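Visitor: In order, the protein sequence lines correspond to chains D and R.
The opening position of the first sequence corresponds to residue 8 in the numbering used here, with each subsequent residue numbered one higher.
The opening position of the second sequence corresponds to residue 471 in the numbering used here, with each subsequent residue numbered one higher.
Bear in mind the hints are in silico, worked out from the structure with no lab data behind them.
Hints are supplied without guarantee of correctness; some may be wrong.
Lysine to aspartate or glutamate pairs mimicking DMTMM-like chemistry, simulated, CA-CA at most 25 Å apart [as the list claims (entries may be wrong)]:
{"id": "1", "chain 1": "R", "residue 1": "K900", "chain 2": "D", "residue 2": "E318"}
{"id": "2", "chain 1": "R", "residue 1": "K747", "chain 2": "R", "residue 2": "E685"}
{"id": "3", "chain 1": "R", "residue 1": "K500", "chain 2": "D", "residue 2": "D53"}
{"id": "4", "chain 1": "R", "residue 1": "K901", "chain 2": "D", "residue 2": "E106"}
Just so we're clear, the structure is a prediction, and the values are computed from it rather than from any experiment.
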Amino acid sequence: MFYRENGQFKTTYRADQQIFPILQDRMAITALLLVGFALVPMLASDYLFRAILIPFLIFSLAAVGVNILVGFCGQISLGSGAFMAVGAYAAYNFFVRIEGMPLLLALLLGGVSSMLFGMVFGLPSLRVKGLYLAVATLAAQFFADWMFLRVQWFTNNSPSGSVSVSNLQVFGLSLESPLAKYIFCLSLLVVIALLAKNLVRGAVGREWMAIRDMDVAAAVIGIRPMYAKLSAFAVSSFIVGVAGALWGFIYLGAWEPAAFSVDQSFRLLFMVIIGGMGSIMGSFFGAAFIVVLPIFLSQFLPALAGLFGVEISTAVVSHAELMVFGGLIVWFLIVEPHGLAKLWSIGKQKLRLWPFPH
Amino acid sequence: MKLSKLVLASTLVAAGASGLMAGNAFAQAKEQFIPVLSYRTGPYAPNGVPWANGYVDYIKLTNARGGINGVKFSFEECETGYDTARSVECYERLKSKGASFVQPLSTGATFAITEKAPADKIPVVTVGYGRSESADGSVFKWNFPIAGTYWVAADAIMQAIAKKEGGFDKLKGKKISLVYHDSPFGKEPIPLLQERAAMHGFNLTLLPVTAPGVEQKATWLQVRQNRPDYVVLWGWGIMNSTAIKEAQATGYPREKMYGVWWAGAEPDVKDVAEGAKGYNAVTMQHGAEPQSKLVKDVMAMVHDKGQGTGPKDEVGQVLYMRGAMSAMLAIEGVRSAQDRFGKGKVMTGEQIRWGLENLNLTQPKLDALGFAGVMRPISTSCVDHMGAAWARIHTWDGAKWQFTSDWLQGDEQIIKPLVKATAAKYAADKKLTPRTPADCQS
Numbered sequence: 008m009f010y011r012e013n014g015q016f017k018t019t020y021r022a023d024q025q026i027f028p029i030l031q032d033r034m035a036i037t038a039l040l041l042v043g044f045a046l047v048p049m050l051a052s053d054y055l056f057r058a059i060l061i062p063f064l065i066f067s068l069a070a071v072g073v074n075i076l077v078g079f080c081g082q083i084s085l086g087s088g089a090f091m092a093v094g095a096y097a098a099y100n101f102f103v104r105i106e107g108m109p110l111l112l113a114l115l116l117g118g119v120s121s122m123l124f125g126m127v128f129g130l131p132s133l134r135v136k137g138l139y140l141a142v143a144t145l146a147a148q149f150f151a152d153w154m155f156l157r158v159q160w161f162t163n164n165s166p167s168g169s170v171s172v173s174n175l176q177v178f179g180l181s182l183e184s185p186l187a188k189y190i191f192c193l194s195l196l197v198v199i200a201l202l203a204k205n206l207v208r209g210a211v212g213r214e215w216m217a218i219r220d221m222d223v224a225a226a227v228i229g230i231r232p233m234y235a236k237l238s239a240f241a242v243s244s245f246i247v248g249v250a251g252a253l254w255g256f257i258y259l260g261a262w263e264p265a266a267f268s269v270d271q272s273f274r275l276l277f278m279v280i281i282g283g284m285g286s287i288m289g290s291f292f293g294a295a296f297i298v299v300l301p302i303f304l305s306q307f308l309p310a311l312a313g314l315f316g317v318e319i320s321t322a323v324v325s326h327a328e329l330m331v332f333g334g335l336i337v338w339f340l341i342v343e344p345h346g347l348a349k350l351w352s353i354g355k356q357k358l359r360l361w362p363f364p365h
Numbered sequence: 471m472k473l474s475k476l477v478l479a480s481t482l483v484a485a486g487a488s489g490l491m492a493g494n495a496f497a498q499a500k501e502q503f504i505p506v507l508s509y510r511t512g513p514y515a516p517n518g519v520p521w522a523n524g525y526v527d528y529i530k531l532t533n534a535r536g537g538i539n540g541v542k543f544s545f546e547e548c549e550t551g552y553d554t555a556r557s558v559e560c561y562e563r564l565k566s567k568g569a570s571f572v573q574p575l576s577t578g579a580t581f582a583i584t585e586k587a588p589a590d591k592i593p594v595v596t597v598g599y600g601r602s603e604s605a606d607g608s609v610f611k612w613n614f615p616i617a618g619t620y621w622v623a624a625d626a627i628m629q630a631i632a633k634k635e636g637g638f639d640k641l642k643g644k645k646i647s648l649v650y651h652d653s654p655f656g657k658e659p660i661p662l663l664q665e666r667a668a669m670h671g672f673n674l675t676l677l678p679v680t681a682p683g684v685e686q687k688a689t690w691l692q693v694r695q696n697r698p699d700y701v702v703l704w705g706w707g708i709m710n711s712t713a714i715k716e717a718q719a720t721g722y723p724r725e726k727m728y729g730v731w732w733a734g735a736e737p738d739v740k741d742v743a744e745g746a747k748g749y750n751a752v753t754m755q756h757g758a759e760p761q762s763k764l765v766k767d768v769m770a771m772v773h774d775k776g777q778g779t780g781p782k783d784e785v786g787q788v789l790y791m792r793g794a795m796s797a798m799l800a801i802e803g804v805r806s807a808q809d810r811f812g813k814g815k816v817m818t819g820e821q822i823r824w825g826l827e828n829l830n831l832t833q834p835k836l837d838a839l840g841f842a843g844v845m846r847p848i849s850t851s852c853v854d855h856m857g858a859a860w861a862r863i864h865t866w867d868g869a870k871w872q873f874t875s876d877w878l879q880g881d882e883q884i885i886k887p888l889v890k891a892t893a894a895k896y897a898a899d900k901k902l903t904p905r906t907p908a909d910c911q912s
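Let's have the full structure, built from the sequences with the hints guiding it.
Guide: And the structure:
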């Protein structure tokens with residue numbers, strides 16, 4: 008009833024090619040942005056900003072990056088944590104070594120460094136694919152772990168190997184309050200996600216998808232595998248690198264290589280698989296699932312047990328959390344292997360027919 | 471997928487969101503709230519659990535004793551799994567409930583929270599760990615590495631080794647290897663050991679072990695090749711017992727191994743029992759103290775009432791005592807804050823910061839708290855956030871830990887300049903101005 012495109016005619020190519028061709032979608036997205044930029048800042052508490060919203064935004068950004076590589080181009084990567092680390096440490100070095108370096112530029116340069124790093128470690132993708140490539144990208148992960156632990160130059164010769172930043176400013180505005188951090192991350196996310204969405208809709212994205220679906224066929228119709236694969240690695244690791252820089256600069260403030268360990272790579276891959284491979288929207292769902300669910304469970308389980316008059320210890324809660332989390336992932340993958348984004352599109356499909364399904 | 475399932479799924483999500491909102495709404499009564507960041511899961515759990523038990527039991531004991539001038543304490547545990555991001559989340563969540571002070575219990579989290587504490591006005595108490603340069607209170611206004619830092623621990627180990635050899639001059643030309651957890655925690659002692667190596671002319675070899683530390687074959691192969699005169703072990707969790715087993719397999723004498731205090735508790739040696747005989751570790755003040763009055767008090771007032779945390783027979787073990795002592799030092803900070811800002815009131819983070827900075831735990835006070843014989847008096851000041859630099863060495867005799875050295879004191883002549891220089895570098899990096907004497911009064 009409310010979600011039906013009857014009567015919305017497209018009379019120009021321009022209208023046909025927009026990101027959201029359906030009026031209701033455009034309205035929904037505008038509303039979502041309004042909520043994000045106006046309503047949430049008014050309602051959310053400090054804790055919600057710092058512990059949930061900001062990590063969610065940063066992980067969404069990272070998941071968009073990983074999704075481009077894994078979901079759109081089909082190059083399974085376990086090196087996303089390394090790309091985040093390179094982004095964070097490169098941004099750190101630009102930030103502290105160059106006097107007067109603006110934060111935004113440092114973050115983007117971190118992304119560029121990560122892009123170069125990603126392209127180098129994307130080279131094996133020209134020869135190996137699938138599971139083999141996943142193992143090959145693990146090398147990137149271990150290399151980054153080693154590099155940032157052992158090469159003192161990258162940590163500005165800090166004796167303990169831990170680095171920290173402070174007094175962050177963007178265009179003269181202080182980035183100390185959680186609200187400012189949130190708005191900064193959100194703006195960056197909106198801009199980059201929009202660019203990514205347009206990229207995957209365009210010629211480049213179609214090349215990626217062709218390579219993903221069948222690389223031999225793609226090569227036959229004139230798509231250069233090298234160009235397509237390396238560009239996917241470049242774009243993906245740029246975005247992941249920026250997300251890594253944000254993770255270090257905005258969320259943690261001080262970090263060590265363990266913050267970007269192989270766990271982080273797995274977490275990002277799970278986000279993409281649960282959220283939905285090959286869907287920008289899915290990246291957001293995946294990030295929300297992975298960030299919010301453990302925190303929610305750790306609060307919800309004791310409360311639930313409290314209802315039955317049982318007091319459970321922290322250790323039990325955290326073990327139960329892991330079990331429920333694992334169970335949910337398995338359940339999701341069995342029930343909906345295409346991820347949460349597929350659920351979303353099914354929901355939309357149902358709404359088109361609602362209230363009179365066939 | 472059916473619509474009903476979709477509805478179910480979205481209800482779950484909605485319930486999740488509302489649960490998070492409700493999480494904030496648990497208001498706290500007029501009690502001093504203490505966040506407890508602990509890890510009872512993960513590779514460091516064997517050591518994290520006894521610490522948390524001691525910490526929580528001491529809070530319960532304080533309440534059983536009637537609180538501090540009638541002010542009782544409430545607490546909430548948050549599981550971090552030794553993960554920095556989780557620790558930050560825990561910190562943010564519990565902060566919103568009015569945290570009095572926070573003990574991050576991990577070097578990574580200490581670094582991250584150090585950056586946040588000045589804005590949040592919450593003291594960061596790191597008893598025996600944390601960043602060593604934060605002993606300088608004029609730069610690190612909110613950090614309290616009370617009762618010693620890693621540099622003190624490393625220095626005490628060097629003194630013990632020198633004593634064994636018959637003086638520091640005998641160390642010339644000797645080989646000492648540092649087997650360390652490859653993380654900021656493991657790297658902390660390096661500047662001090664290098665300083666000592668330059669002073670006395672011994673060779674220091676650095677042998678990093680990748681976290682979490684189960685894979686040490688290559689490291690011990692190097693030990694076998696180098697045959698160092700001493701091995702200093704800077705490990706944590708499963709890394710410690712692995713190292714001792716590897717030493718046993720390599721045939722390296724355990725008598726020549728010295729661990730940091732995170733590598734000197736029962737869980738580290740229990741599995742190896744006889745094989746670990748002779749292994750030494752530094753303790754920051756206390757060791758295993760099952761005979762102390764504190765343990766008897768905990769038994770009588772907490773465990774016998776059925777409110778104890780963890781197994782009864784672990785009360786008084788090394789890490790349990792460490793947890794209890796950590797809680798005690800911070801809670802005494804609350805008491806000293808109350809002495810100035812009003813007895814029987816709930817203190818704010820800022821007031822407790824003052825209290826921690828003006829801690830004066832004399833021997834009679836310690837005796838009254840049940841810490842007689844467990845630790846030495848501690849007093850802090852504006853400049854000195856550490857309070858005391860005392861340590862002892864204890865040795866595993868196959869069944870229990872026993873003290874094998876006198877009291878050792880970290881050499882101020884070496885540590886102080888190092889602290890000053892590193893803290894100054896931090897201040898310069900952060901464009902901080904060190905505190906003035908006037909700021910010290912507040």
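Visitor: Looking back at the numbered hints, which does the structure fail to meet, lowest number first?
Guide: Hint check: 1 fails alone, others pass.
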